[in-house]
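One line per chain: the protein sequences are A and B, in this order. Numbering follows this note's numbering, in which position 44 of the first sequence is assigned residue number 44; successive positions increment by one, without gaps. Numbering follows this note's numbering, in which position 98 of the second sequence is assigned residue number 1098; successive positions increment by one, without gaps.
Treat the hints as calculated values from the structure; they're not laboratory data. Here the structure is a predicted model, which means the values were calculated and not measured. The beta-carbon is built from N, C-alpha and C at its ideal position, and this holds for glycine as well. A portion of the hints provided could be inaccurate.
Here are the simulated DSS-like pairs of lysine-lysine, each with C-alpha atoms no more than 25 Å apart in a straight line [as the list claims (entries may be wrong)]:
(1) Lys1041(B) to Lys42(A)
(2) Lys1106(B) to Lys42(A)
(3) Lys42(A) to Lys64(A)
Computed, partial: chain B to chain A, Cβ under 8 Å [to be verified]:
(4) Gly1015
(5) Val1018
(6) Thr1021
(7) Pro1039
(8) Ala1042
(9) Pro1043
(10) Tyr1048
(11) Tyr1086
(12) Tyr1093
(13) Pro1094
(14) Arg1095
(15) Gln1099
Anything over 10 Å on all C-beta distances counts as not near chain B; from chain A, calculated [unchecked claim]:
(16) Ser60
(17) Thr68
(18) Asn76
(19) Glu87
(20) Gln99
(21) Ala107
Chain by chain, the residues run as shown.
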Amino acid sequence: VQLVESGGGVVQPGTSLRLSCAASGFTFSNYALHWVRQAPGKGLEWVAGISYSGGNIYYSDSVKGRFTISRDNSKNTLHLQMSNLREGDTALYYCVRDQGLYDFWSASVDWGQGTLVTVSS
Amino acid sequence: IQLTQSPSSLSASVGDRVTITCRASQDITTFLAWYQQRPGKAPNLLIYGASTLQSGVPSRFSGSGSGTDFTLTISSLQPEDFATYYCQQINHYPRTFGQGTNLEIK
């Protein structure tokens, strides 16, 4: 299993950024996926999750209304569209796959190496 | 759902038995996972379903609990176990993590 994030960078507050996660080594359309972030020197924070079909989507309160998670099962790719970015969104963003087949309530077994987003004026 | 881990940090020696606790603010049955994160690395799943050992994880790791109170136990610490440990509830969305427990060498 490989999860490779991309799209991070340094941006100013109030701007937008789109993260992508290219997946391989498993049947992409069968598994729920998530974005989890970690601010420098801080703990893990779950950001957003999407079910295997894309029919169920959830967000943390801290990003609801600003971030949009989506997936393209034909291209084995997960996205996170981030808008109205704040300095508090600065973090390493991990793409994560759950272990359960067609299951939106299983633990996260595979993690990418992360892509760093820095929001600073 | 809030998860509260204790302690936040812990100093121990190789060979020690250590226990980390995770308390949920409401009943999450057994929808709890434990992760290990070494510095500069992505987290690694240790335990799921509160007590099921993930494939490939050494048997010195064990988990227990249900409802609101959970524990992660390492029976005999090895040098590679010094890391940060997180619990995560997956019973309700939004998912949440505990604040982490930093396990350091004494």
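Would you list, in rising numerical order, the hints stated earlier that this structure does not obey?
Hints 4, 5, 6, 7, 16, 20, 21 contradicted; others consistent.
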